Amino acid sequence: MPDPLAYLDATGAALGDLPGFAQDGEILRALYKAMVRTRTFDAKAIALQRTGRLGTYASSLGQEAISVGVASAMTEADVFLPSFREHGGQLWRGVSLKELFLYWGGDERGNDFAKARQDFPVCIPVASQFPHAAGVALAIQQKGERGVAVALGGDGATSKGDFYEALNVVGAWNLPAVFLINNNQWAISVPRAEQTHAKRLADKAIGAGLPGIQVDGNDVIAVRDATERALKRARDGKGGTLIECLSYRLGDHTTADDASRYRDDAEVSPHWKAEPLIRTRNHLVAQHGWSKDDEETLLRSCRDEVEAAAERYLATVPESPRAMFDSLFASAPRDIATLAEEIDDG
Amino acid sequence: MAERTMIEAINMALGRALADDPDVILFGEDIGIDGGVFRATDGLIQRYGSARVRDTPLSETVIAGMAVGAAAHGLHPVAEIQFMGFLYSAIDQLTNHAARLRNRTRGRLTCPLVLRAPYGGGIRAPEHHSESMEAMLAHIPGLRVVIPGSPARAYGLLLAAIRDPDPVVFLEPKRLYRATSETVEDNGQALPIEQAVTLRNGTDVTLISWGAMLTETGAAADQLEAQGISAEVIDLSSLKPLDRAKFRTSVEKTGRCVIVHEAPLTAGLGAEIAADLAEHCLTSLLAPIRRVTGSDTVMPYPRLEAHYMPSTERIRQAVHDVMEYA
Amino acid sequence: MSTFTLPDLGEGLQDAEIVTWHVGVGDHVIADQPLLSVETDKAVVEVPAPFSGTITRLVADEGAIVKIGAPLVEIDIGKATDAGAIVGDLAKSPAAPPPKPLRTGTGARATPAVRRLAVDMGVDLASLTGTGPGEAVTSADVEAAATGLTAGQVLSGVRRSMARAMARAHASVVPATVTERSDISGWDSGEDVTTRLIHAIATGCYAEPALNAWFDGQRRQLHDNVDLAIAVDTPEGLFTPVLRDAGHAADLGPAIAALKRSVEDRSIAPDAMKGATFTLSNFGMLGGEFAALVVTPPQVAILGAGRITDTVHADNGQPVVHRTLPLSLTFDHRAATGGEAARFLSAVREDLERPKRDARE
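Protein chains in written order, with numbering that gives the first Met the number 0: chain X, 0 to 345; chain F, 0 to 325; chain G, 0 to 360.
Hints are computed from structural coordinates only; laboratory data are not their basis. Each hint can be trusted.
Ranges of calculated distance between the beta carbons of each label pair, as one might list FRET restraints:
id, chain 1, residue 1, chain 2, residue 2, range
1, F, P301, X, G160, 28 to 34 Å
2, X, G105, F, D29, 43 to 49 Å
3, F, S229, X, T315, 57 to 63 Å
4, G, M284, F, S229, 33 to 39 Å
5, F, D20, X, G160, 27 to 33 Å
6, X, D2, G, S51, 48 to 54 Å
7, G, G77, X, R234, 53 to 59 Å
8, F, S229, G, R333, 34 to 40 Å
9, F, T197, G, F289, 45 to 51 Å
10, F, S49, X, G105, 41 to 47 Å
11, X, A265, G, A30, 29 to 35 Å
12, X, G24, F, D20, 48 to 54 Å
In this text, all values refer to a predicted model and were calculated from it rather than measured experimentally. Quick reminder that beta carbons are idealized off the backbone N, C-alpha and C, glycines included.
Chain X extracted, bound-state conformation (with noise of 0.2 Å):
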């Protein structure tokens, strides 16, 4: 077995014998059109933002394939934990498109997910996810539940000690919890090679005793059986797994953002040849008779779902100015109210 583990090389070839999910071409086609899915809302929450109707927006462009494969392999008994940039794994999970555009526009309604009730909304203080994961873990072991708690973040966040700690108490106390890193090599401006001197980050599960394992994150394959081994780990009661993808930011950090400050041209245009799309496209071609009219019925229904999901949510109207103070408590304190009413007078 390859190490990174991969299955499909870069021009979409196999490397090997396939897992046995991915010799069933309907599985293959769902996780390449969540990937269509997911860069479609991509492209279309950029263009929002760079024409005001969305507020700063972190692209998940040349990764689809870690949240994608990672959310595939999860039960609905299983709970998300994601980073900022996983839309691809919400999407998965039944987080709706008006959802996402909700959250990124501004309107804590998009947390409020119609399905995936127990995922939590996506984390925006770095790595401070992690003890979350370790906490439904420890809830699901207490409960009895089959579930596992998934978490996801950045290379950047291996850097933390809330990942340490975290990982370390699964460790500790043999919690059913993956974590997975994002590896795409930048953290805003800083590259992989000065974030840290370890060789993998995958490497950081040997101080908490854990299995820490190294993927191709461009390889929807590679991401989602390894998930699928670490998730039935979990539910065997073996404990928790480190799972590091590697990938490639291609697009900047965010909307706020411009990598050409601190990266060139020259550094990304190989990533482009590596990026999970094509290599999935050319695998169903080959193997599964992925045709050209396939195709474009394909990206042509992505957007009109995205498009039609753009307008539901550029059509809702913004909540009352009440909304801040009735959702902070389960009752809203006494001192709260004076302050609320003092809104509604204004």
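Place chains F and G on chain X using the hints.
Using the frame of chain X, we list chains F and G on its own:
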């Protein structure tokens, strides 16, 4: 009925909560077989098992962050931070997550957690063990901050905090842990979590305090009474949200106010109370509002500790000063 | 035709420089197609077309610095014009009311409560030398100045409260007084004057509710029940216990006696002296016939009853002697009219002139 110290009352409330609610879980450093460094959890691991009374690795970030995750997924964690001086790394989790998860998910995910921490000076503890930094926590929107002033109030308020559907920081005045005892009935009755209490009625001046400083404040009120000055004493109890109606009504009656806290002066809770009174009770004020507080210094080591803490004499003198204004 | 303005690109940026136009006049563009590149303080970003249409005009040139909200390009979208690509209009704040004129300070040192007292009592703080800390003016200083006393006993307790209450009343109320004599020749010898007065006041209030009201200078509130303050004189000063729902009290005699007793032994609760809607001052027991009384805000009226005397009246040109009770009604003319006062007083007089209290239908 037995007299209980505050630490016994807290232990009793924790035991009651574990017995009443299978979702209640305790974790923290050394809270298991050791029973906590102050013995707040003494005997609980024997009664409720190591799955529900857990020793964590030494990580305040994880204690707080894990409490957030566990609370959002259906448990009612009651986590202990060993001393307030070690709570600061937990403030990230409290501010960024515990206090806002309900709001940012519009009520989908909630955080019914309690973070307990002993705070305050006066027990000759090593450095970093004696601070009173409650104002930092009270500044955080979406958080409740509660400080009990007696064994019975500790029992009732801790049960209220554990049953509250939102995050509560429960700061325990450790100087009071074993200082006094009173009758505390293990009746499972919670006290109202947002209410200040009037410990004694008076007509000339309102003294507002909380936690261990109620001792000096009460002693000052006794001395003042002997001198013919009638002081009303309010135990604030809830530092966030504030029971503003309670202290406004009192100051409207007395026209004078002295606020006593152990925490440093600048941007302490006393400043918020004084500002509130200036905004809402200005024309009732017969005298300037006075604050008797710790100084804006680093908490000194035990040898100088007594010089830092507000004394009965300083409180009494402050009242005499404000009484000069007829 | 639709004008696309430079959108708010977020993070507090105020303007941007146009680097390159990717389209020209006459080009057909589709939504989300790149229109131009702009450089902000933070980044060079590509701005896409917000909607599809034909470019009819580039408003700003390359190299120009454009403020957020300034027009960039006009696009013919082939239908009705719109207000530009913005998320929505912010609600406008209501126009601010004109500012109130500022009041300047007095220069004297005094706490807010003392300043309020000085205003109420009409005392100029600047004229006083304070006896408090740092020569701050105290409430005792103000009260002494108000009464013209420079030496003597400083008021305390009930008398001090009375001084404040009266001064406050004097400062705000616009008093007017109307008087009347009621003929009580028909009364039985055993009639209790206070009981009859209470009954008559309730009758008057039901007939003319404008007098049974509260007024705070802006808002007026009429009351259904008559909560009657009964002025009781004591050596220490004036007490006003309140008889709740005086119009429906079952047994007035014992109720009044209990109130008076609670005043005399000082057991009366502070709450029992609050919330009155009307006041009765039966000063005639001590002496005097008519009086201009002091209304206690927020109440709007007070009825005074003077000493009962025999008075001579003309009856068909012949002098006759009647027993009469002199009535003085003082009301706050800001809240009640003279007509309302007169109607009230007539109703009171008529009620008093019935031979027996229970004769009312």
